[in-house]
Amino acid sequence: MDRKIRVLVAKVGLDGHDRGAKVVARFLRDAGFEVIYTGLHRTPEEVAMAAVQEDVDVVGISLHSGAHLTLVPKVMKYIEEFGGDLNELVVIVGGIVPADDIDKLKEMGVDEVFIPGTPIEKIIDYIKAKVPEKKRTGEKV
Amino acid sequence: MFDEKKLEELKRKREGWEKSCLNPYLEKYGERDEMFETLSGIKVKRVYDPTDIAHLDYMKDLNYPGEYPYTRGVYPTMYRGRLWTMRQFSGFGTAEDTNARWKMLLREGQTGLSTAFDFPTLMGVDSDDPLADGEVGKVGVAIDTLKDFEVLFDGIPLDKVSTSFTINPPAAIILAMYVAIGDLQGVPREQLRGTIQNDMLKEFHAQNTLVLPPEPSVKVITDIFEWGVENVPKFNLISISGYHIREAGSTAVQELAFTIADGMAYVEAAIERGIDIDRLAPQLSFFFNSHNNFFEEIAKFRAARRMWAKIMREEYDAKNPRSWWLKFHTQTAGCSLTAQQPLNNIVRTTIQAMAAVLGGTQSLHTNSFDEAWALPSEEAVRVALRTQQIIAYESGIPDTIDPLAGSYYVEWLTDKMEKLAWKYIEQIRKMGEGSMLRGVLTGIENGFFVKEISRAAAEYQRDVEEGRRTIVGVNKFAIEEDLNIPILKVDEEAQRRQVERLRKIKAERDNDAVREALEWLRSAAENNENVMPPILEAVKAYASVGEIMGVLKEVYGTYRKPIII
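Just so you know, the protein sequences line up as chains A and B, in that order. Its first residue numbered 1286, the first sequence is counted upward by one per residue in the working numbering. Its first residue numbered 11, the second sequence is counted upward by one per residue in the working numbering.
Just to be clear, a hint being listed does not mean it is correct.
[What the hints assert, rightly or not] Facing chain A, from chain B, some residues (calculated, C-beta under 7 angstroms):
id, residue
1, 86
2, 349
3, 384
4, 464
5, 471
[As the list claims (entries may be wrong)] Straight line, CA to CA, 25 angstroms or less: simulated SDA-like cross-link-like pairs of lysine to any residue:
id, chain 1, residue 1, chain 2, residue 2
6, A, 1413, A, 1355
7, B, 563, B, 244
8, A, 1359, B, 510
9, A, 1407, B, 489
10, B, 113, B, 244
11, A, 1391, B, 563
12, A, 1391, B, 382
Honestly, the hints are just simulated from the structure, not real lab data. The beta carbon of each residue, even a glycine, is placed where N, CA and C say it ideally should be.
The shape of chain A in the complex, shown without the other chains (with noise of 0.2 angstroms):
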C-alpha cells in the first residue's frame, strides 16, 4: 500500500538537451521517489509505452526543442490509448516552454509545467501533494 512514488522522466523528440532532465531525475531519486528515466530521443509512443508498463504515478516531459505542442498530447494520446487513465496519471512538462504555451499545455490536460530556474523542492513538493489528490479523485470519476 505504502510504495513509493514512481516518477518516469522523459526526454522526447530530436533534442539532446538533457542537463535539465537528468538533474531533476537525480533529485527526485535522492527525494525517496523511484525514478525511470528513459534516456534520449524517445518517440511519443516509446515515452506512453514505458509510463503504462513501468505503471508509474508521474510522468515528466522534458522538452527544450519548442515542439512540446505537437509532442506532449502525442504522449497523452497513446498513454490512454496503451490503457493508462490520465485521470489518476500526474503529467508535468519541464524545459524552455513560453509563457502563452504554458496556458495551452494546462487545456491539453498537462497537469503543471516547470519552467528553468524552479526550484527541485517545490517539484518535489508538487509531486508529493498532487499524486494522491489525484488518486483520489480519480477513483472517483
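Following the hints, complete the assembly by docking chain B onto the known chain A.
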C-alpha cells in the same frame, strides 16, 4: 620576474600585514563567507601578490602577442588591428525566414553569419520524416536539399561574408552544400571562408546529436580533413567545442580539459591517416563558453591558447608557427540565463562578453535576454549585438592587448587552470594507453565524460538549491512578475511549406543522378574510401540530407547512448 631578495622582503611584509592589519580587522568584522571559490571550485585567496607568480617566466610563459606560446594572443596587433567577428547564432523556420533575419543582422552591423539548424537537420532526418513532426524550423532553419541553401544564401556574397555552421553528424553534407553554392556564385573554392562545427566527440560527452557510432564518426571527420586541406584551404574544417560540454553542466576546468583532449584526438586521427599536420592545423578552430565567473573565464582562454601551442609544437611536432595558434569563437553561457527577470540577462551577457574579449576571442556570439523562454525576438537579438558593439566601440577594452596580463590573480589562475586541465588530460591519455584518440574513445565507451559532467551539474544545482550559490532574481531578490517581453513565434506553417518544397524537388530532380551518387557514396563508405566526393555529387543532384545520412547509417550503423543519470 622578481628579484629573490625583494620577494623575501615582501614575504616578511605580508606576514606583518596579516598580523598587525588583517587579523585584528578580521576578528572584529569577519568576512562574507567561510570560503570563496570559482565556478570550478578553485579556492580564491584573499589577496594575490608577486609571490603568487614568482615562478612566472615572461618569455617562456607569456611572451608578446603573436609569439609562442601565444598566451597574450595569436595576432601581434589583436583588436587594434581588427575587432573580433560579431557572429550571432541564428536561424528558424524556413530558409526564407532565416535569410531575412540574417540580412537584418548584417544591416545592424553583424560581421559574420552563424547558422542554427533545426533538430531534424541536425540529426540528418528530412522534414517529411515522422520523427520530424513538430520540430521542423523550431530551433533553427530546416534544410533538406541544396534548394534550401540556394534560398538561404540568396543575396549573400560568399566571398565577402564568412558563415559558421553549427552542425555535426551531417557536417560533410552541409560543407558540400556550401561548396556547391560557392560554385554557383562563382567563388573559387580556395577563397571560401567559414566554419563547420563537425565535432562529434563532444556530442558523445554532451549535446547528444548522435547518429553514427563514435569510430565511424571520427572516420568521416577525418575524410573531411583530408578533402578539405586539398579543396577549401581557408575553411575551418572543425570547431572543437567546449561550449556544449559546459552547457551540460561541466566546470570551466572540465570544459578546458575535455576540449583540448578532443582536439588532440582529432590531430592523432589525422596523423594516422597521413595528413600533414602543418597543412591541417591552420584549419582547426575552437569554440568556448563564457560563463559568469569573470576571471576564471579569462584565465581559461589564456590557458587554452598556451596549452594548445605547447601541444602542437612539442607533442605533435608541428613546424609552422601558424599551426600552434588556438583561435576560437566564444558564446556567452546560455545556461546562465534566467527565465525570471529576463532583462537581468543583458547584464550577465555583458560580463561574459567582456571576459571573452579580455580573453582574446576571434569571434563572439552574445545571447539574447529572452532565450530562457524562446528563440530571440528581433529586439532581443539587436540588444545582444549592441552589447558587443558597445564593448568594441565605447569601452576602450580592445585598445590594448591582453590588458590583464601581469595581474597577480589572473596569472596565478591561468596557471592553476592549466595545471588542473593537464591532470585530466593525463588521466585520459592513460585510459588510451598513451593515445589520446583511444583515450577519448574509451572515455566515451565507459561513460567517463558523461559521469564527470553529470556530477558537476548536480553539484552546481545542489549549491543553487541550498543557496550557497546566488542567482540574482531566482534564489535571491526574486519578485512576483508577469512576463511582458515579446516572444518570437515560429510560424506553424513552416513545416507544411518545407515538406511541400521537399516533395516538389524530389519529383523534379534527376532521380537517376541521385541514385548513382548515392550508390557511389555507399561503395566509398563500404570500401573505406573518402566520402566527401560522392557526398558533393549527391548534394549537387539535390539528394536530401536524410537520403545521404541514410546511406551512411546503413553502412556504419547507428548509436544509442547508454542511460547514465
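If you test the structure against every hint from before, which numbers come out violated? 1, 6, 7 and 11
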